[in-house]
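Construct the complete structure from the given sequences, taking the supplied hints into account.
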Amino acid sequence: MLVKLFATLIEFTGKRKLEISGPKTVGELLDELDRMFPGFKKELEQGHIILVNGKNIEHLQGLDTPLREDDTISIFPPAGGG
Amino acid sequence: MYGNWGRFLRVNLSTGEVKVEEYGEELAKKWLGSRGLAIYLLLKEMDPKADPLGPENKLIIAPGPLSGTSAPTGGRYNVVTKSPQTGFITMSNSGGYFGAELKFAGWDAIVVEGQSEKPVYIYIKDDHVEIRDASHLWGKVVSETEAAIKKEIGSNKLHIASIGPAGENLVKFAAIINDGHRAAGRAGVGAVMGSKKLKAIAVEGSKRVPIADRQKFMLVVREKINKLRNDPVAGGGLPKYGTAVLVNIINENGLYPTRNFQTGVFEHAYEQSGEAMTAKYLIRNQPCYACPIGCGRVNKLPTVGVTEGPEYESIWALGANLGINDLASIIEANHQCDEFGLDTISTGGTLAAAMELYEKGYLTDEELGDAPPFRWGNTEVLHYYIEKIAKREGLGDKLAEGSYRFAEMYGHPEYSMSVKKLELPAYDPRGAEGHGLGYATNNRGGCHIKNYMISPEILGYPYKMDPHDISDDKVKMLILFQDLSAVIDAAGLCLFTTFGLGADDYRDMLNAALGWDFSTEDYLKIGERIWNAERLFNLKAGFDPAKDETLPKRFLEEPMPEGPNKGHVVRLKEMLPRYYALRGWTEDGRIPKEKAEELGIAEFL
Ligand code: SF4
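If you're matching them up, the sequences are chains A and B in order.
Note that the first sequence covers residues 1 to 82 in UniProt numbering.
Note that the second sequence covers residues 1 to 605 in UniProt numbering.
Simulated from the structure, these hints should not be mistaken for lab results.
Note that CB positions come from ideal geometry on N, CA and C, so glycine has one too.
Hints may be right or wrong, so weigh each one.
[Stated by the list, open to error] Some but not every residue of chain B turned toward chain A, in silico, with C-beta under 7 Å:
| no. | residue |
| --- | --- |
| 1 | V245 |
| 2 | E252 |
| 3 | N253 |
| 4 | Y452 |
| 5 | D466 |
[What the hints assert, rightly or not] Calculated from the model, a selection of chain A residues having no Cβ within reach of chain B, i.e. all distances over 12 Å:
| no. | residue |
| --- | --- |
| 6 | K4 |
| 7 | E19 |
| 8 | G22 |
| 9 | G27 |
| 10 | E28 |
| 11 | F40 |
| 12 | L67 |
Structural data, given as structure tokens:
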């Protein structure tokens, strides 16, 4: 699956995009990212926007949202503007 | 009276008369100030049917009770007038330092009336007010105007709001620019200023805003500043990446309008995002007066040197909406718009409509002659036409009428992505339906600022709402946003504080400064009064809800072609009747006598 990272997460991981294989849910994906980049989950503690194929996981099944190998997941730290 | 001075300036440019007028606290308790005071004065004194570019229209420039205080972001002011673009009310809001300076000079507002025969500017130093000749400034761009006035007066402490050639030439979407790059941008306030032959207002002040309980106010302010500093958005993403941090978020959510809103996904979004701009061009942040957030950008380019901006909206309008990805060209175009005094959103929206008309064959090469063709992604179009529009030269003269009138000239107004003829900002409402209802019902037309439903629908503030939910909860949230933003505007604060503050926080600051003991509900009532009063002005100006309270056909009938919102339209017809009912209006969207009485505005019915 394609994982896209944005804003401070790019600086934190040094990556904008990465291919990951294996995680079956968004929760498992975050665990995997935390293993690859220790402290990743802590970076999201103050809030986050996680989209699976452009749909916010808040309206899917949250961290239990199932993932398939051809999904695109976009992860943002909290953000706003106007 | 505290917070407000209880007096405003009335300047009649037809007669050259300058008057000081006073008002009492009762009025402040009803209208708060700024945007509120202004709509009250307009309803009381002006025929809403007046020609917006005629002498009967009034241009009201007003900071609020918290402008010029230490309240976070307390530097804003509103420009309220009848818009030449929409024919309805507009309240364009700007930051920088001008609003605070006007307050320091001791004024709650300047009411500009009539029309001068020759170009003039107004110079204010505390109680000293002068109307000065500006013939030598006519035709000058904003930076030249500001520099010339500072030299002439011999003061670098001046803060200046002026128009560029676009305002002088009555471009329907001309802006008023202060402090070089801050814009009261939307709906043609610069053209109203130009119609009065008023080139600039230059202000210098030395007074301290009266505060009821200074010690308490300081404590409250400190608490709110801390809240903003600790907020992950107001203290994190916004200062770090600017408002352009939104580019990727809105694009990934599938509502970043591309090629005149033909789709909501732009393949080159990353290249024009806040992340890319910060990495490539940013040299520092530029906060407005008393702002702990500091979202403003200062960028450096080989072509234009050091310049401020662009904001998210401008990047999109001069970028994705035209299929343009080159960030350097966008920054340069934004700089040009500031210099000529053009609203970036409407400039981009108008060029986008022209591009779609060209794509569909309604606007032909023959008509363009040697000018660059309106092809998606053609950056030449930007630099060429911004100047042509401001000067009303060649096709620029027609484009200066805005997208609606332009597309109408070619027989296809449906390609104008506007509401009430005001070009829409950077969110495709098919990806946020509550935001769509906000566009349709906004008193000044296609604007996001006064009802930013993107916040709950996409960003999750104050909590996440499904973008495709259209329940009453959604409609109620929109009404709350509309009323609350009226309060924040009237207070003289920046709407970006809402990322870290809630309605109670504004109550705390206002009560400490003004010496009142209003509840949050009392303040929201003022917001509701302002919203209703502005609608009343529109209804009297000829606003017809059945015809005007709508969205471009594209959003109602053409499902989004791709991305996460594929297949969606905006179900406006289902939401509108419930919006009217929850507002306490009639079924046909009018304000009934009981509602007007409840809000204390029945005298204007
Ligand atoms: S948040 Fe941005 S726009 Fe608002 S006052 Fe601060 S710098 Fe100005």
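Okay, the hints, checked on the actual structure:
1. Hint on V245 (chain B) holds. Least Cβ distance to chain A is approximately 5 Å, under the 7 Å limit.
2. Annotation: interface hint on E252 (chain B) holds; nearest CB of chain A at approximately 4 Å, less than 7 Å.
3. A distance limit of 7 Å between C-beta atoms decides the matter here; for N253 (chain B) the minimum to chain A is near 6 Å, and the interface restraint holds.
4. At about 6 Å, the closest approach between the beta carbon of Y452 (chain B) and any beta carbon in chain A falls short of 7 Å, and the interface hint on this residue holds.
5. Using the Cβ-Cβ criterion of 7 Å, the hint placing D466 (chain B) at the interface with chain A is satisfied: the shortest such distance is roughly 5 Å.
6. With a least beta-carbon separation of about 7 Å from chain B, K4 (chain A) fails to lie farther than 12 Å from that chain, contradicting its non-interface assignment.
7. Distance check on E19 (chain A): its Cβ is at least 17 Å (rounded) from any Cβ of chain B, clearing the 12 Å threshold; non-interface status holds.
8. Even its closest Cβ contact with chain B, about 23 Å, leaves G22 (chain A) beyond 12 Å, as expected for a residue assigned away from the interface.
9. With a least CB separation of 18 Å from chain B, G27 (chain A) remains clear of the 12 Å interface cut-off, as annotated.
10. No beta-carbon of chain B comes within 12 Å of the beta-carbon of E28 (chain A); the shortest separation is about 21 Å.
11. Once the 12 Å rule is applied to beta carbons, F40 (chain A) is consistent with being away from chain B; the minimum gap is 16 Å.
12. Here L67 (chain A) stays apart from chain B, with its beta-carbon at least about 16 Å from theirs, past the 12 Å limit.
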